[in-house]
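Visitor: Take a look at the letters that make up each chain.
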Amino acid sequence: MQPMPTTKLKQLFTQYKILALLIAIAIIWSFFSWKTEGGFISARNLSNLMRQMSVTGVVACGMAFVIISGEIDLSVGSLLGLLGGVAAVLDVNHHMPLPVTVAAVLACGLALGLVNGYLTAYKGIPSFIVGLGGMLAYRGIVLGVTDGVTVAPVSEAMVQVGQGYLSTELGVTLGVALFALAAVLTWRQRLNLGRHGLPVPPVWRDGVRLAAIGAVLFAFVRTLNSYEGIPLPVLLLLVLLGAFSYVATQTVFGRRIYAVGSNMEATRLSGVNVQAVKLWIFGIMGLMCALAGLVNTARLAAGSPSAGTSGELDAIAACFIGGTSMRGGSGTVYGALIGALVMASLDNGMSMLDVDTYWQMIVKGCILTLAVWVDVATRSSRR
Amino acid sequence: MSAYLLEMKGIVKKFGGVPALDGIDLQVRPGECIGLCGENGAGKSTLMKVLSAVYPHGTWDGEILMDGQPLRAQSIRESEAAGIVIIHQELMLVPELSVTENLFLGNEITLPGGRMDYPAMNRRAETLLKELKLNDVNVVLPVMNYGGGHQQLIEIAKALNKNARLLILDEPSSSLTASEIEVLLEIIRGLKAKGVACVYISHKLDEVEAICDTIVVIRDGKHIATTPMRQMDVRQIISQMVGREMNQLYPKLERTQGEVIFEARNVVCYDTEKPDRRKVDNVSFTLRRGEILGIAGLVGAGRTELVSALFGAYNGRSEAEVWLNGEKIDTRTPIKAIRAGLALVPEDRKQHGIIRDLDVGQNITLSVLGRYARFTRIDREAELKTVSEEIARLGLKTASPFLPITSLSGGNQQKAVLSKMLLTRPKVLILDEPTRGVDVGAKYEIYKLMLELASQGVSIIMVSSELAEVLGVSDRVLVMGEGQLRGDFINRDLTQEMLLSAALDHS
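Quick mapping for you: the protein sequence lines, in order, are chains V and L.
For the first sequence, position 130 matches number 130 in the working numbering, and the numbering has no gaps at all.
So the mapping is simple: the working numbering equals the position in the second sequence, first residue as 1, plus 1000.
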């Protein structure tokens, strides 16, 4: 077959899905900057934007694993609301020290996540139904725990979790460290490829890649430092991105997540305990809900009974925009986070432009559908 | 005008360049019943899918004439309009709908405004069922209230409701009891008297003998013979079906067998839909160290269910007592079975073998991934070393272990699945149709590997529908039929005819 220019372009996007996403973000950001006369890309707004996406981003990390394993969890919005509410109640009503509150909320999150996982993996209830049930039940518990009123004001220590910043010096150190890490990983990958007699990409290509990573890191740290510094929730998101990417690509558990999502029966016949894998995926999802709930309560400085409403849809949308496959078996955590950034950028930009809420919803809905269509269209060429 | 109702001339159907049908001719007269015979995979079903336009006109070469006129059906609907109706091996009824609704599915009698005319449909349904002497069926009850036998007859009523002039019955009796089969044959005789022609496909040659006027045998997609039934007997049909000469398709390796190390006792598998029906009925057998045991039988004989149950992978209720090296072992889940020293390479490679989204190397190491874990992190170096060794050992043809598994040919995918299960170092290796969809060269390599493993003391159970393969590599052959063990033969002077007779219970 003669590779036509369009198919070549298609191949490029299939191979580097992230490219299409970055281009989409560039377009969205340019559009909003032009419309807001640069207000959108001011340091203050970008800092704000990233803090806004942190809650969805944390949930999206966990959701990426759930969707890659071929399941779905609709309960996360209510669960993060519940856990955020528990955090507020412990902090405001019982004056617990922050570490105790955090530990208790994380434990609750893990436990409830494991319940979801147990019902799905061992009792065979479809995760869609478990999630739907949880969505109602957990929201009900939040309303009960908070008596339907906002729990405020939370302690100063707690507020720091959501609204604190990393000092400028630490921010720079972090940026340099991340760049060094990227350089070391690239170098090691080249060594490994060479050792196994595999084609090593040309030096310039890795160089360009590394330069791009450096530029993004530099811009990221510089922009945030020129405002107040790197927000703590954004730092948390970076840590989670690293941890989840490590688990997904380097560990036995990660490999099994992809295997279970791609072909559960074949994985089971290979002697993998597929039920345990699913149980822990949901356990991790619960932990992420706990973190997201803590950040959300800290950011708002209050526990609201409606917190996290439709948060599950944002997280699921972020995963799909980020190229996670509906049928399971493929997807990346960084993709999900870029998906979350796309959603947060749309929210933030349209709010700045005073676009009516109904238009915001219409635009977000269309973007989600479009993104998945692009994904499906590029995927079919491989089959 | 032609005296034939249907003529098929020089039908060629290729799948990816490989001919599944290679110039088949078939003629059917009104009121004639043709027995279409051939081994599994000979092309019977493909031919009938061409005829009933499951494969539309244009996707195959050749010509179909109905009443002497060319038929170029693009869809099942068009072939049904011409009077050709196929009844598939699996029942195609909607269990929750009533008998009437099923009979008229897709052809409903409607009142103005699209409302269903139930009284008219019920009357017609009752008449149809009366013609088939099904007097005890209430047409307004859901189909699921009736057993497999009745459902099969309801399928026939559905076909007749479409004014079928040529009825294709693909293994219609596989779910019927002996008395139900009698009723079925009686109905077909009645249809013949009315001028309806039939193509009857069945592994049960005594039925074919009882009902068919003409026997058409196909083998490897080629037309072998068309003979009037009165000039033949079952033995002749079998020898025409098998007919293949044994040549050097199978490697030879001198080896000795050890003592009995494995034993399965009283394996029972219950049907997932009808819990009182046994798919595997009390099967017991033993296996020696280094022995290759072939399990032959027809499709639906319960072979896959038997080996799945031994490996804890049968998706229904099953009972089995499994002994290895004199100890009773627990094989109720694949994890336990693997730990005990069993390994299964499943029949359906796409559904149960490969993992599409993982690359070749990741597929191979999935079963033993824990071995490469260093504090949860996978030691990629060690993993790749194993993968490279495995690729070399099995002669797996791939440019790199990082290619998607789906980019490999069927034979190489099978080698990857085989390698995955061999890494667990099994004492008993179960292979279910190990060479299905595998080309001749890779087949030979798989046989060779089996012989080498056996000479190293691994015991192998091989389920296969290819009788030649069973005879080519096995030391001993079990034959199954209708869930039961029908024979246990040492592979010495054993012939395909003997195996087929045992499978058909026609000794």
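These aren't lab readings, by the way, just hints derived from the structure by calculation.
Here the structure is a predicted model, which is why all the values come from computation and not from measurement.
Backbone N, C-alpha and C fix where the C-beta goes; we use that ideal spot for every residue, glycine too.
Wrong hints could be hidden among the right ones.
Per label pair, the in silico range of CB-to-CB distance [claimed, not checked]:
no.: 1; chain 1: V; residue 1: Pro201; chain 2: L; residue 2: Ala1081; range: 31 to 39 Å
no.: 2; chain 1: V; residue 1: Ile23; chain 2: L; residue 2: Lys1448; range: 50 to 58 Å
no.: 3; chain 1: V; residue 1: Ala111; chain 2: L; residue 2: Glu1273; range: 57 to 65 Å
no.: 4; chain 1: L; residue 1: Asp1220; chain 2: V; residue 2: Pro199; range: 48 to 56 Å
no.: 5; chain 1: V; residue 1: Ile23; chain 2: L; residue 2: Thr1406; range: 23 to 31 Å
no.: 6; chain 1: L; residue 1: Asp1220; chain 2: V; residue 2: Leu136; range: 53 to 61 Å
no.: 7; chain 1: L; residue 1: Gly1147; chain 2: V; residue 2: Ala111; range: 42 to 50 Å
Derived pair list, reagent style DSS-like, types lysine-lysine, alpha-carbon separation capped at 25 Å [as the list claims (entries may be wrong)]:
no.: 8; chain 1: L; residue 1: Lys1013; chain 2: V; residue 2: Lys123
no.: 9; chain 1: L; residue 1: Lys1350; chain 2: L; residue 2: Lys1192
no.: 10; chain 1: L; residue 1: Lys1443; chain 2: L; residue 2: Lys1350
no.: 11; chain 1: L; residue 1: Lys1336; chain 2: V; residue 2: Lys123
Visitor: To test your reading of the hints: which numbers does this structure violate?
Guide: 1, 3, 4, 8 and 9
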